[in-house]
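Asker: Note that the protein sequences, when read in sequence, are chains C and V.
The numbering of the first sequence is numbering that gives the first Met the number 0, which starts it at 0 and goes up by one.
The numbering of the second sequence is numbering that gives the first Met the number 0, which starts it at 0 and goes up by one.
It is possible that part of the hints are untrue.
Just so you know, same-sequence chains aren't split out, so a pair can sit in one copy or run between any two.
What the hints assert, rightly or not - Below are the SDA-like pairs computed for lysine to any residue, each with C-alpha atoms no more than 20 Å apart in a straight line: (1) Lys156 <-> Phe235; (2) Lys107 <-> Ile43; (3) Lys182 <-> Glu330; (4) Lys182 <-> Phe45; (5) Lys321 <-> Trp148; (6) Lys239 <-> Leu228.
Think of the hints as simulated: they come from the structure by calculation, not from any bench.
This is what each chain is made of:
Protein chains: 2
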Amino acid sequence: MARLIERVGYTIAILGLCATAWSVQAADDPLPSWNEGAAKSAIIDFVDAVTTEGGDEYVAPADRIATFDNDGTLWVEQPYYTQLAFALDRIRALAPEHPEWREQQPFKAVLENDLAALEASGMKGLMQLVMASHAGMTTEEFAIIAEDWIASSEHPKFARPYTELVYQPMLELLAYLRDNGFKTFIVSGGGVEFMRPWTEQVYGIPPEQVVGSTIVTEFALQDGVPVLLRRPEMDFLDDKEGKPVAINKFIGRRPILAVGNSDGDLQMLQWATETDGRRLGVLVHHDDAEREYAYGRDSSIGRLDQALDLAPDAGWIVVSMKDDWRTVFPEATK
Amino acid sequence: MARLIERVGYTIAILGLCATAWSVQAADDPLPSWNEGAAKSAIIDFVDAVTTEGGDEYVAPADRIATFDNDGTLWVEQPYYTQLAFALDRIRALAPEHPEWREQQPFKAVLENDLAALEASGMKGLMQLVMASHAGMTTEEFAIIAEDWIASSEHPKFARPYTELVYQPMLELLAYLRDNGFKTFIVSGGGVEFMRPWTEQVYGIPPEQVVGSTIVTEFALQDGVPVLLRRPEMDFLDDKEGKPVAINKFIGRRPILAVGNSDGDLQMLQWATETDGRRLGVLVHHDDAEREYAYGRDSSIGRLDQALDLAPDAGWIVVSMKDDWRTVFPEATK
């Protein structure tokens, strides 16, 4: 009798689990923050097509690879990349140890908040700032620095932590894809070690599914303890042509879905979509000055120009933030 | 009534699934090809410790990362690396298109089977052979070439396909780890694109969990079609100090278990084990001339010397192929 009760209890427990899974799958709307329209329909049609067993366009779960850009696609990238905000804060924090920076560009510009001089220092200046702020420590030390900064910093316009300035519709899309057997990856121009400390918690994407730019690291024994030292030297820039190269190198499968927002994502979308089988390319268009930002063809950050021109012929969906998204950000947690 | 029957059927189906899963988990011996002894006990103790919820040494599933070397750890690497056999065969296959190779070293040596001249060409000659055989095509063309070769080639001593010359005890260990929530990765000095076409089928390790050496690839549009071209230039050598660097870059988490067989795996084992928390390092010692090969301290391929000296103090398990493995290879499939 006890055994029967135990068995019945077990069965009920299993049915309960199934009911939970079922309610997630069968929820009326997997993308509640997306307004009804062409973009939302195209995404749902695509997912239905590649997951319908026996259908012409069925894709086995193992090949359901989806790649997402990060800056401007999953989170805010204006008025400047979050990682640049981190680099500038870090330079300010390190300044007491570097009195020479007071007279040395581009550091002087940062310390004096001289945006004109900062811009005049160009790409070379930018790389100096990145190296001074991102190298010279072990990988584990850097992870703590990045994690502490992201936990304690706020966006200048929205006055919220950067990790809350992620797009609610994209969080839903990531979850919807995973519920349908997709493996979701980030493929970003941002530094991989700047993203990994928080992507799992914020996006549900574990470190090993984050692909990004890297600086050179070097294995060493410090007092017999193995460490990886971050050297002030670029290893790989994961942008434009670099994105398909990195996808091939890190993931080793071609995505069937790629999501981006700028010309930096153009080659990733080409690589994902311009081949046989059902594919989907998605571009987020920032046209919402009221709720976020409006920028695109002329922006120095997140320029969307050539990819926008190619989208109609390529069949890529252009998502209007203004029209297609009911909500932009998740509700504040505090 | 029909609905009730359907529901009962559904419940039975679910119980059936559970029973199947249960029988796998509760099998008497998860490592039947391992003889009882210190090595087997150490592995099982380790897995028990890190998977026991509430235990002092519990590790959350997400952090159960295990990295495996390939050549000599998961499959045979003697009398020479399988990838070298591939390169030599490929040079022979391409020779008709390259009449100049008949007079040009190291190609002449390959075509004339002149092992002395081949060895005399050294690392420089080897790299020439690798580049001539591995570059100059798209990534997708190379995948087909590698896949065709591996499906049609046999090992000179065992006269079996290379993919059957994988170690049965390691196949069991990989499955046992995955059954216990581990994510299994390959971290090999071999070319990543030489391994990925077959690792999922043979080891159950998908392409995105294979880390290896890479050559430079370049994104291009060929008649409007995006391709990745393999250039005759090394990108990254995933060996020795390169292994922890690659683990950090590709996986972004530190393994808690690392398995290798040579000094090329030394730094990977140091990186995985010489830190806080319960960790395990494993070295396979090839001491079985009868069933496989016996080599180690003086071998040019798979040298195991320094790592063997460090093993006792580091607490790494040295697995004797002769004593610890009941079976070496899986049964032939044909």
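Asker: Okay, which hints does this one fail, numbers in order?
Answerer: Per hint list: 1, 2, 3 and 5 violated.
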